[in-house]
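Undergrad: Residue-level listing of the chains:
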Amino acid sequence: MKNVLMATAATLLATSAMAEVNIGNPMAMTGPIPDLNAPIAAAVDLAAANINAQGGMFADGETLNIIRADSACDPVAAVDAVTKLINVNGVTAIVGPVCSGAAIAQAESVAIPAGVLTLSVSASSPAITTMEDGTDLVFRAAASDAYQGVALAELAMANGFTDIAVSYANDDYNAAIAEVFVQAYEGMGGTITANEAHEPNKASYRSEVATIGATSENLALFSYYGSGGITLMRNALETGAFTNFIGADGMLSDELIEQIGAENLMTSTFTTSASDASTPSFAAWKAIADEAGVPASDPFVANGYDATFMMALAIEAAGNDGREGLSEHLRAIASAPGEVILPGQWAEAKAILAAGGDINYEGGAGNQDFDENGDVAGNFSKSVIVDGAWAAELIQ
Amino acid sequence: MWDAFGFEFVNFYLIPGLVLGCIYALGAIGITLTFGILRFANFAHGEIMMSGAYLTWTVMAIAGYAGLTLHPLVAMVPATLLVILLFLGTDKFFYKPFRKADTIKVVMASFGMMLIIRSAVQVIWGPNQLTFVRGIAKPNSVLSDVSNDIGMMLIIPNKHLFIFAGTVIIVIALSYLLNRTRIGKAMRAVSDSPDLAHVTGIDVDKVIRATWIVGGICATAAGVFLVMDVQMLETTMGFRMLLPMFAAAILGGIGKPYGAVFGGLVIGLAEELSAYPWIGDTPLLSPGYKTGVAFAIMVIMLIVRPQGLFKGRSF
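Protein chains in written order, with our numbering: chain A, 1 to 396; chain B, 397 to 711.
Chain A with its partners taken away, still in its complex shape:
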C-alpha cells in the first residue's frame, strides 16, 4: 500500500514537473510591510509573464510557474512557507523572502539543508553575506546594508548632525543596519548619544522615546513602518522629543504619509536601495514596468524582477529543473563574459543559451554581478517630502 502511494505521489510529481518549471516565491504578503511588498510581488509576476510570453522554459516551451507563499516578514512564517514550497510543491529554487530575518531563517532551517538555492529579492542584512558556510546556496539581488549603513552615516554628516540618538527594532535587519550605521558614524567623528533597541509591535513607545529623547534632537530610526516604526515616530513627534529623523528602507512607505501626515515629515529623510536611472538596463526595465503598470522606481521592485529573471535564466542554462549545481549557472548568467541581456530580453537570452553561448544579465536594479558570497553591489537614494509625497534622489 505504502509503495503504491509513493509511486502515485512520484508520478504526480513527475507529471507536474514535466509540464512546468516551478519556482517558490515566499513574500511578505501580510505582516509589517504589505505596502512595500505588493509592487515587488507584481514585479515577480511580471518577469514570469514576460518569460512565458517569449517562449517559456527550455526547448519545448514549458511554463514558468511562480508558486507564491506568505512569509509575513517573520522567521517562523517563512520557515513554514518554504518547507511547504520545497517539500510539497517540489520547487526548483526559492526566489523570495523580502525581509532579512525571514530569509536567514528559511535558508538555515529549510533551504540549505534541502540543497535548494535561495535568491532573495530584498534581504539586505550584512549577516547574509557570511551565512552560507561554503554551501553557496544563498544569493540576493539587493545590496548589503554594510553599504547602506555607511551611506546613511554620510547623509547624517552631510545634514550637519554632530550627535544622534539611535533606536532600532530588535530583528535581524534593523539591528544589523543600526550596528553598521553606528560604527560608520562614529568613525566619521559623530557622537552617538543613545543606542537602544525597541521591541516591535508595542502599542506605545513613549517610554522609549522619553529615555533617549533627552539626549539629542536627531533620531536615527531603524524599524519596519508597520511593526512599530510609525507608532514610535508618532510618539516622538507628539512629545516633541526629536526634530530630525533619518532611517532606511523599512520606513520608506506612503503609509507613513497617510498616517502621520506629510506636514509632520518635513524633517525626515530615509534612504533605500535604488537604481541608477541613467543606465540602458534601467530604461529597458522602466519601459516594461510602465507598460504593465508596475511602479519601476519603488524600493526593491526592480530587484524583484531581476531576481526572478535571473533564476529563470539559471534554470534555462542548466537545461533542466533539477536543484543540483544551480548556483554555478546563476553566477554564469549574471556576470561577464557573455552577451549583455537586459530586462525583458528572454527570447534573445534563450537563443544564445540554446546555441551554447554565454550571457551577462544587467538588471534594472544594477549590474547584478554576484561576488563570491552571492552579494551584489548597489546604489542608494535618499527620499524627502516634496509636495506631499516622497521624492527620491540618488546618492552619489
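In case anyone wonders, no lab produced these hints; they're calculated from the structure.
Careful: at least some of the hints might be erroneous.
Claimed, not checked - Partial list, derived from the structure: chain A residues whose beta carbon lies under 10 Å from chain B:
1. A38
2. S167
3. Y168
4. Y205
5. T211
6. N235
7. E339
All C-beta atoms in this analysis are idealised placements derived from N, C-alpha and C, irrespective of residue type, glycine included.
Position chain B relative to chain A; hints supplied.
TA: Just chain B, lined up with the frame of chain A:
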C-alpha cells in the same frame, strides 16, 4: 535639545502605563469571565478585539461617505452589537458542541477561531494598515496650561482622556451589573460553582450568553481604545495583546473581574515603568525587553500564588 518638562516621570511613564493598563484591563475582563464561567482559555479574544476595531473603522468610513464625522466612541456602539453577534455565533457553532468535552478541545477550537477570524479580516479589509485619525495628537491645551500654572505640566492628548473616562465608565457599569442585577449575581454563582448554580435553578445557558455579551462589549472597547491610542489598525494587533491580557487575568485571579482590572493596570504600569531610569541615568531595563516584564510577572505569579491576587480559581 529636548526639554523634559520637569515632569517627565508622570508624562512619559506613568500616564502611558495607565493607558496601556486600561486597555489590558478591559481585554482581561473578557478573558477572565470566559475562563471563570466557561472554563477555557479563549485564544480568539484578541481577534475579537481586533475585529471590533475594524468594524468600528467601517462604521466611521460609511458615516464618512455620508458626510458625517463620527467619533470612534460613537461608531463603537453599532460595532459592539456586531461583535456580540459574532461572539454568540462562534459560541453556538464552535464552542457549544464541545461544552461537555475535554477543556483542551474547546481551547483548540478557540485557537482555530483565532486563525479563522484573522484570515477573514485580512480577506475583507486587506493586510495593509488602516488609520482611525490621521496626523499626530497634540496634548490637551487646557489641561497643560492649567497644570503648568501650578508647576506640574501634564501632557495628555484628548485620546487618553477618552480612554481613561471610557474605562472608568465600563468598570462602574460592570460592577453594577455583577453586584446589583440578577443576571450578574447568577454569573458570579456559575463562576464559583457551576453544578451548585445549576441545581439552584440558574439557567446556565442564559448566563453563558450574558458572559459573551459582557465580554464582547469589553473586547470591542479594548480594541477601539487600543486603536485610538496607536491610531492605526493592523490584523495582528489583537494577538499581540493576548499574552499580556492573559498575564493580567492570571495576576488578578481567574474568574475575578476586579482582579482583571487590577492585573491589567499592574501589567501596563510595570511594562512602562521598567524602562524608567530608577538608578542612575540609564533605563532600569532596556525598553526593548519590556514585553518580558508581563511574562515574568505571569510566571512568578503562577509559581508563587497560582490563584492570583484576588483568590481566583487555580488550575
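Undergrad: Taking the hints in turn, state whether each one holds.
TA: Hint check results:
Below 10 Å, beta-carbon pairs count as interface contacts, and A38/A has one with chain B at about 8 Å; its hint therefore holds. Among the interface hints, the one on S167/A holds; its C-beta lies about 9 Å from the nearest C-beta in chain B, closer than the 10 Å criterion. The closest approach between the C-beta of Y168/A and any C-beta of chain B is roughly 9 Å, which is under the 10 Å cut-off, so the hint is satisfied. Taking 10 Å as the C-beta contact cut-off toward chain B, the hint placing Y205/A at the interface holds, the least distance being around 8 Å.
Because the closest C-beta pair between T211/A and chain B is about 5 Å apart, less than 10 Å, the hint holds. Checking N235/A against chain B: minimum C-beta separation of about 9 Å stays under 10 Å; hint holds. A least Cβ separation of about 41 Å between E339/A and chain B goes past the 10 Å threshold, and the interface hint is therefore violated.
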